[in-house]
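Please model the complete structure; the sequences and the hints are all you need to start from.
Quick note, the sequences are listed as chains A and B, same order.
Residue numbering for the first sequence follows the working numbering, beginning at 64 and increasing consecutively.
Residue numbering for the second sequence follows the working numbering, beginning at 4 and increasing consecutively.
Any given hint might turn out to be false.
[What the hints assert, rightly or not] SDA-like mimics (lysine to any residue), calculated; alpha carbons at most 20 Å apart, straight line: (1) A:160 to B:77; (2) B:155 to A:453; (3) B:8 to A:277; (4) B:8 to A:337; (5) A:160 to B:74; (6) A:387 to A:277; (7) B:8 to A:242; (8) A:318 to B:113; (9) A:165 to B:72; (10) A:247 to A:292; (11) B:155 to A:163; (12) A:318 to B:155; (13) A:318 to B:55; (14) A:160 to B:55; (15) B:8 to A:165; (16) A:160 to B:113; (17) B:155 to A:155; (18) B:155 to A:344; (19) A:160 to B:154.
These are computed hints drawn from the structure, not numbers from a lab.
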Amino acid sequence: MTKNISDGVETLPLPQLDEEERAAKRKEIYAALEDRDVTVQPATDDNGDPLENSMVLNMGPQHPATHGVLRVVLKLDGETVERAVPELGYLHRSMEKLAENKTFHEFMPYTDRLDYMSPYSNNTALCLAVEKLCGITAPPRATYIRTIACEIARISSHLLWMGTMVMDAGAITVFLYTFQEREKIYDVFDMLTGARFTVSHCRVGGVASDISEECANYIKDWLKVFKKKLAEWRGLLDRNRIWIERVEGVAVISKEDAIGIGFSGPNLRGSGVDFDLRRDVPYMAYQNFEFNVPVYENGDCLARYFVRLEEMAESVRIIEQALKQLPKGDVRVDDAKQSFPWKHEVYHSMEGLIHDFMMTDTGLQPPAGTEIYHAIEAPKGELGFFIQSDGTGHPWRLKIRSPSFCSLQALPHLTEGGMIADVVVAIGSIDPVMGEADK
Amino acid sequence: MQPQKLTPPEIHAILSTEFGDAISALDAAEPMPSITIVDKAQWPSIAYLMREDPRLKFNYMACHSGVDYNDAAGTLGTVQNLESLGIHGHKMAIKIKCTKAENEIPSVAEVWRTADWHEREAYDLFGIVFTGHPDLRRILCPEDWEGFPLRKDYKVQEMYHGIKVPY
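Following this line, the structure appears as structure tokens:
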């Protein structure tokens, strides 16, 4: 006698609901989910069955792969993305309003918090804009220190991008490797600026402190190790079949679209536009160095990956050349009307103290009615400051043109028509940081 | 196409032969020479010409900022930094003004797609209405925020969803 498998097992009674009642119950649940911050809701509910309709999925604002607090509302048909609408503003801290009530030096610590992967670039962008507005030229040693620090910041930013991007695609190992090296970079910044993370080391007319012999040697030693590590990571990923199949041909954007939508930096070069502000509109000391600008034609995630990886190698070259050429001299303009006086002057002379007070209290006063838009090549792309001056120490209007804000606009273009799993990779590949997108 | 970098007066000359009095004289003040659009209604066609004319080819909007001039007439405005990226390499700033009472400027989101979010930002923070914009909503502030924060006469609201706003 065969024994029935369910014999002796107490089965739960099936729910006795007829179809109408079931549909009513569903509607009730969906009505409760009507709130705009829910995660899932059916888009068109004729009969309310989510399996037979397109569905609206809220990705974020708290989602590990959105790199901060980005919210993307996705309309899905099965696994295909029909529409994607990015929503910003969850990290809005009214930077531009704050700037209007601060002197340029007071505003500098706020720029640290814009793109918090590379605070030094943000400081430099602000300082260069203000210097150009006031007609100040920083001494050569200061520009070299800025260049070195900006390139280290670029490596730091790209390392974080690489770690998280590869983690988004499903591999955690690389994340741990890159964070080991970022720890070294924090040590470099600690030695150079006195702060590990939010550095605020740039000053209008120079930098706050000179680079020490110890720090220069530490960077040199670290670069040797870093080059080896970079080659190792490339060995892990460059020909890794899983990685390539995950990112190749995903989130493609053409050259014309990339320019039109406002891509800049590595994203733009990943789409085949040979443009780099460091080479084409040289600022600081970049005209003195030899470096290549990597450009890839494909415009997909893999192209953007290669661009960033090669940029790191180029940054290493720039830092090596800069350390070799590092000129001697002051690190700040020796003019109390243009820059902070030296600390020993402040402590030992009345004039120094007065100048320090005036610079802190009143601040630099660019001529009334002058305007400027100055951009630099930050790790994420073109970081620009538009400043309007009314002749006082506070900017009348200070607009931050942040690269992440512009590249995030491309998200619908990149993801619509693709798979939902590729949204994560697309967000990762354009490297947004909500700190600067939301300002 | 041979890259040919034009100077600001040359760019102004090309635009003024096409559009005459719709644009102002060139403000050549360094470091940011600018042209003001007098006839706002013409702005989308000027923008389209600037993007498409083979001599100009301004294909890239680098920056777009709203400005509050805070004068007696309540002038608001936008400053748009355009660039011919990768083609000619020249730059130009375009200014358009409106007032708080008549706060409309035609949108150029169709010409430069970057302008889409930048115009939303200017609307959000200054209350400039860009007519013809495909999706003019607030972008940085919450949808139900009151007032336009970057206007100079902005007073913060007392309560927001039961939270006291001024500190």
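query: Looking back at the numbered hints, which does the structure fail to meet, lowest number first?
result: The structure conflicts with hints 3, 7, 12, 14, 15, 16 and 18, although it agrees with all the remaining ones.
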